[in-house]
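A.B. asks: One letter stands for each residue in the lines below.
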Amino acid sequence: MEFKDYYELMDVKRDATQDEIKRAYRKLARKYHPDVSKAADAEERFKEVGEAYEVLKDPEKRAAYDQLGANWKAGQDFNAPPDWDAGFEFSGGGYTGGFADGADAGAYSDFFESLFGQGFRSAASGGAYRQQGGFHARGSDHHAKVFIDLEDALNGATRSFSLHVPEVDAQGHVTTKERVLKVTIPRGVKQGQHIRLAGQGNPGMGEGPAGDLYLEIEFNPHSIYRVEGRDVYLDVPLTPWEAALGASIQVPTPAGPVDMKIKAGAASGNKLRLKGRGIPGKPAGDLYVILDIALPPATTEAAKTLYRDMQQRLDFNPRARLGV
Amino acid sequence: MTQRTDILSGIIIEDQQRLSLRELCEACAVHAEFITELVNEGVIEPTGIDRSHWVFSGVSLHRIRTAKRLQHDLGINLAGVALALELLDEMQQLRAQLYTLSGSEHE
Chain X
1 MEFKDYYELM DVKRDATQDE IKRAYRKLAR KYHPDVSKAA DAEERFKEVG EAYEVLKDPE
61 KRAAYDQLGA NWKAGQDFNA PPDWDAGFEF SGGGYTGGFA DGADAGAYSD FFESLFGQGF
121 RSAASGGAYR QQGGFHARGS DHHAKVFIDL EDALNGATRS FSLHVPEVDA QGHVTTKERV
181 LKVTIPRGVK QGQHIRLAGQ GNPGMGEGPA GDLYLEIEFN PHSIYRVEGR DVYLDVPLTP
241 WEAALGASIQ VPTPAGPVDM KIKAGAASGN KLRLKGRGIP GKPAGDLYVI LDIALPPATT
301 EAAKTLYRDM QQRLDFNPRA RLGV
Chain U
1001 MTQRTDILSG IIIEDQQRLS LRELCEACAV HAEFITELVN EGVIEPTGID RSHWVFSGVS
1061 LHRIRTAKRL QHDLGINLAG VALALELLDE MQQLRAQLYT LSGSEHE
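Line by line, the protein sequences are chains X and U. Under my numbering, the first residue of the first sequence carries the number 1, and numbering increases by one thereafter. Under my numbering, the first residue of the second sequence carries the number 1001, and numbering increases by one thereafter.
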């Protein structure tokens, strides 16, 4: 497995004080929190920083980690030396980082698990994995994010998703199991919405019913459409003569191409609405066409002649408002 | 958990406009007190005359879960969570405008 340099991850010196480490963590946690940051790797960074803090905030774990030596480099192949933790006593403290969903059992790296996995799990008396008490309890709910294509939402579809489900065996070891689900995507589902699959969460205890599974819907980026809520946006290039003189052009819509009238004098950035041509539903969303005037390249002699002709025959100063 | 290959159908939470306090608690794995505090902060707005008749919209689910994560992960109190949620909403709107008009930033 790969060695993790927790000091480097948190961007603190090896001799940083506990206060400095705490401050660094607070700052990084705010920066990379997946609800706050839109960076693609935010969740991963947040977990890494959480793991680093889990070790460095605890003087016992930090001291144990430190005695591995400062010569290790991040990413180096690493195996915990036998009895590496002899003489250290972990009084526990349990997991604090990660997500509150109870789905965070697999959140720590193999590196972390190999060093601190057994020791403090038993010390924490399995607290992190405690299910709801009693012999008949409803299973907990699961949450997962899934990606679909815009077309799936427009037409409805059946899609397979593979989810990683952390499982705890009888000895308290955590393994991640892959679970494949085939799910009907309801027509008209929107970005950020949640689909509830009743009874597909964690099994209940005793006679308690199973929990539910919640799927959060995200759209894969589309090659030409942008989706916001139930509306769909589309950039449509126009020739200068279409924009100047008006035209009837074809534009694609998710339901197939339609004819669209462009009024004379259209400008780049103009937004035209095609009512009801967005995501279907009640009410259906709209399709917004954003015009973008494309200039023909002046690469041939004929084109250059035309541009020079315009220059001479049109009295046009686009910078008149600038006073020059 | 056995591997299932049946085709599952669910409901879209946000389209479900009537969630009870109990349903919300279960879906978000929080105590009713937490939801009450969020209502008092104005983070979510149920309809219904009093607590026992509260009816929530599906959007509340997402807000409660985000509130819970912010509180738990960043150690901010509920007033701070409420402010963060409002600022995040505003940011999301601005990002959406930027994205739909120019395509310069996704999401």
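Read the hints as simulated data drawn from the structure, not as lab findings. Computed from a prediction, not measured in an experiment: that's the story for all the values here. Take these hints with a grain of salt, some might be off.
Listing some non-contacts, in silico: residues in chain U with all C-beta distances to chain X over 10 Å [as the list claims (entries may be wrong)]: (1) 1006; (2) 1009; (3) 1015; (4) 1021; (5) 1029; (6) 1033; (7) 1062.
Computed spacing ranges between beta-carbons, pair by pair [to be verified]: (8) U:1093 with X:221: 15 to 23 Å; (9) U:1076 with X:187: 23 to 31 Å; (10) U:1092 with X:13: 47 to 55 Å; (11) X:167 with U:1031: 20 to 28 Å; (12) X:224 with U:1093: 41 to 49 Å; (13) X:268 with U:1048: 48 to 56 Å; (14) X:322 with U:1075: 45 to 53 Å.
Where is the CB? At the ideal position from N, CA and C, for every residue including glycine.
A.B. asks: Against each hint, give a clear statement of whether it holds in the structure.
C.D. replies: Going down the list of hints, with the structure as the test:
Residue-level check failed: residue 1006 of chain U sits 7 Å from the nearest beta carbon of chain X, not beyond 10 Å. Separation of residue 1009 of chain U from chain X is inadequate, the least Cβ-Cβ distance of about 4 Å not exceeding the 10 Å criterion. Taking the minimum C-beta to C-beta distance to chain X, about 8 Å, the non-interface status of residue 1015 of chain U is violated against the 10 Å cut. Consistency note on residue 1021 of chain U: stated as away from chain X, and its beta-carbon is indeed over 10 Å from all of that chain's, at 16 Å minimum.
For residue 1029 of chain U, the non-interface assignment is contradicted: its Cβ lies about 6 Å from the closest Cβ of chain X, within the 10 Å cut-off. The claim that residue 1033 of chain U is not at the interface with chain X holds, since no C-beta of that chain comes within 10 Å of its own (minimum 16 Å). Some Cβ of chain X comes within 10 Å of the Cβ of residue 1062 of chain U; the nearest lies about 7 Å off, and the non-interface call is violated. Separated by about 20 Å at the C-beta atoms, residue 1093 of chain U and residue 221 of chain X satisfy the suggested range of 15 to 23 Å.
Remark: the range hint 23 to 31 Å for residue 1076 of chain U to residue 187 of chain X is contradicted by a beta-carbon distance near 39 Å. With their beta carbons about 37 Å apart, residue 1092 of chain U and residue 13 of chain X fall outside the hinted range of 47 to 55 Å. In this structure the supplied range 20 to 28 Å holds for residue 167 of chain X paired with residue 1031 of chain U, their Cβ-Cβ distance being about 26 Å. The supplied range of 41 to 49 Å is broken by residue 224 of chain X and residue 1093 of chain U, whose beta-carbon atoms lie about 23 Å from each other.
Range check, residue 268 of chain X to residue 1048 of chain U: Cβ separation about 49 Å, and the 48 to 56 Å hint holds. The hinted window of 45 to 53 Å between residue 322 of chain X and residue 1075 of chain U holds, with their beta carbons roughly 52 Å apart.
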